[in-house]
Amino acid sequence: NAGVTQTPKFQVLKTGQSMTLQCAQDMNHNSMYWYRQDPGMGLRLIYYSASEGTTDKGEVPNGYNVSRLNKREFSLRLESAAPSQTSVYFCASRQTSGSYNEQFFGPGTRLTVL
Amino acid sequence: GENVEQHPSTLSVQEGDSAVIKCTYSDSASNYFPWYKQELGKGPQLIIDIRSNVGEKKDQRIAVTLNKTAKHFSLHITETQPEDSAVYFCAAVRLTGGGNKLTFGTGTQLKVEL
Chain A
1070 NAGVTQTPKF QVLKTGQSMT LQCAQDMNHN SMYWYRQDPG MGLRLIYYSA
1120 SEGTTDKGEV PNGYNVSRLN KREFSLRLES AAPSQTSVYF CASRQTSGSY
1170 NEQFFGPGTR LTVL
Chain B
824 GENVEQHPST LSVQEGDSAV IKCTYSDSAS NYFPWYKQEL GKGPQLIIDI
874 RSNVGEKKDQ RIAVTLNKTA KHFSLHITET QPEDSAVYFC AAVRLTGGGN
924 KLTFGTGTQL KVEL
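Here the protein sequences come in this chain order: A and B.
Residue numbers for the first sequence follow the working numbering, beginning at 1070 and rising by one.
Residue numbers for the second sequence follow the working numbering, beginning at 824 and rising by one.
Possibly wrong hints are sitting among the right ones.
Distance condition first, Cα-Cα at most 27 Å in a straight line; then the derived BS3-like pairs of lysine-lysine [claimed, not checked]:
| hint | chain 1 | residue 1 | chain 2 | residue 2 |
| --- | --- | --- | --- | --- |
| 1 | A | 1078 | A | 1126 |
| 2 | A | 1078 | B | 860 |
| 3 | A | 1126 | B | 924 |
| 4 | B | 924 | A | 1140 |
These are computed hints drawn from the structure, not numbers from a lab.
Using the sequences and the hints given, assemble the complete structure.
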């Protein structure tokens, strides 16, 4: 069981470039999430997918798009990167059946936009 | 929406001492309060959680207390060890069976000194 995996681990972009952050989970979880983590601001939700086929905005969705490709995979796309999007990005997943509520996080992608 | 405040932002204790981290939340409908530990270069990992129908929960050296009336909850770590050094995040959510979007505090950097 790999849990939640994210690629790439590190990325440097120039302003205006685009890229897609990949996330996959092998725990058969229904819900998946994308967060960004900035110093002193904790984790802020960008987008989430409550179940396969649905996506919704979180707290800070501007400048991002997401795709829930299938139950396993949830990608985050930056169409035109800006320096303000320099951050560490975490993907997480969660089972929605039963009373178990833990979100499992991936190792993160450190993104720098120059 | 929910707002979670966390204090202190940094905490330094001597090995063997206790550490306490406090959080307050704004939405009285929130009913699930997890605590996550994040080690350097890794994603957050759940260490303990509590539901609103419980006032206290303990797991070995870690305990969480909840005061629903005052809308605050705390993490208590006893007999601290160097491996407890990490960033700790509290969070709050109203469980709905759907996306269940966690709102995180801004984190506490705990340093356990030898």
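Violated hints, by number in ascending order, as checked against the structure: none
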